[in-house]
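Could you put together the complete structure from these sequences and hints?
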Amino acid sequence: MIMKKAAIVRIIIASIALVILISILIVGLTGEGFRMFRFKFGGFSNYSYADSDLYNVGDASISTEGINELDINWIEGSVKVITHSGSEISIFESNAGKFNEDEKLRYLVKDGVLYIKYCAPRQLFTFGRLISYVKNLTVYIPEGETVLLRTLTVDTVSADVIINDIYADEIKLNCVSGDIKGDLSGTIEKLTAKTVSGNINIKAASDTVNFTSISGDIIYNGGASDIDCNNVSGNVKVETDICPSRANLKTVSGNIVMSIPENKGFTASYSVVSGDFNTSFATVNSKKQAVYGDGSAEFNLKAVSGNITIKRK
Numbered sequence: 001m002i003m004k005k006a007a008i009v010r011i012i013i014a015s016i017a018l019v020i021l022i023s024i025l026i027v028g029l030t031g032e033g034f035r036m037f038r039f040k041f042g043g044f045s046n047y048s049y050a051d052s053d054l055y056n057v058g059d060a061s062i063s064t065e066g067i068n069e070l071d072i073n074w075i076e077g078s079v080k081v082i083t084h085s086g087s088e089i090s091i092f093e094s095n096a097g098k099f100n101e102d103e104k105l106r107y108l109v110k111d112g113v114l115y116i117k118y119c120a121p122r123q124l125f126t127f128g129r130l131i132s133y134v135k136n137l138t139v140y141i142p143e144g145e146t147v148l149l150r151t152l153t154v155d156t157v158s159a160d161v162i163i164n165d166i167y168a169d170e171i172k173l174n175c176v177s178g179d180i181k182g183d184l185s186g187t188i189e190k191l192t193a194k195t196v197s198g199n200i201n202i203k204a205a206s207d208t209v210n211f212t213s214i215s216g217d218i219i220y221n222g223g224a225s226d227i228d229c230n231n232v233s234g235n236v237k238v239e240t241d242i243c244p245s246r247a248n249l250k251t252v253s254g255n256i257v258m259s260i261p262e263n264k265g266f267t268a269s270y271s272v273v274s275g276d277f278n279t280s281f282a283t284v285n286s287k288k289q290a291v292y293g294d295g296s297a298e299f300n301l302k303a304v305s306g307n308i309t310i311k312r313k
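Position 29 of the sequence shown, counting from 1, maps to 29 under our numbering, and the rest follow consecutively.
Hints in this document: simulated from the structure, not taken from any laboratory.
Values in this document were obtained by computation on a predicted structure and should not be read as measured data.
Take these hints with a grain of salt, some might be off.
To be verified - Derived BS3-like pairs: lysine-lysine, alpha-carbon spacing no greater than 27 Å straight-line:
{"hint": "1", "residue 1": "Lys288", "residue 2": "Lys264"}
{"hint": "2", "residue 1": "Lys313", "residue 2": "Lys287"}
{"hint": "3", "residue 1": "Lys190", "residue 2": "Lys237"}
{"hint": "4", "residue 1": "Lys264", "residue 2": "Lys313"}
{"hint": "5", "residue 1": "Lys237", "residue 2": "Lys288"}
{"hint": "6", "residue 1": "Lys190", "residue 2": "Lys264"}
See below:
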């Protein structure tokens, strides 16, 4: 009876944490990623941004000189950032010939930042209905380390994001509805990906990784010393080339699987309400804790409804 009561208490606490997590994610997305939206009484919303009169219109090829940041905002369709053999940054949207002047993409280079916007400032929402059109954006970056971006930021409303072979110190990817996929080059200092409804699947070497999803799976493959993955409804799968010094993996409904190579040791503090904890490492187990080797790496693993597994890679 006592154990059942304790489980109920943990579920209630997890539910409260779920509400807080959703609130934080939505506020984060709307507060930072979607600062260009202006909501009005009656259900109307405008898409607006600073210096809109200075933006150029349509597809373009742009010199890389002086550009060290890329900031993309897209509403519906998809965003793809990939490399090419050219010497300039090229931006293209699908079916550009079908759109009028106001519907075409906008771009501006200012203070070392290349800004790309979905269209001219306009009304997009009427009583909860999105007034837009599907457009697929492709941004080509010169291959290799010719262009080393300090920051790459992509914000989307209803669009998938694909990032491949891009060098950047910091990458920030935010979606309301859409999948985030990436196969990144070099070592990134900070990698952040957030989506409300969609999967996150990224392969990259990064100093720090921070992924958040409300509904969808989170998959990370690569080398990172510091990993945070927070999920609500979906699995969390982490496979690393090195043993991270810290990992914080959480899901409310889903499994957590962590695959790491042989290492000098870790301490895994875990919590499961409905599920099991398993590991292929020879750990010394105590209540809600498993210690391997010298116990130096710190893992914090939590699942309300699901299993937690630490595998030897």
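Quick rundown of the hints versus the structure:
1. Lys288 x Lys264: holds, 21 Å
2. Lys313 x Lys287: Satisfied, since the Cα-Cα distance of roughly 25 Å is no more than 27 Å.
3. Lys190 x Lys237: Distance ~19 Å between Lys190 and Lys237 Cα, so the pair holds.
4. Lys264 x Lys313: holds, 14 Å
5. Lys237 x Lys288: Holds, at roughly 20 Å.
6. Lys190 x Lys264: holds, 25 Å
Consistency with the previously given hints is maintained throughout, with no hint failing.
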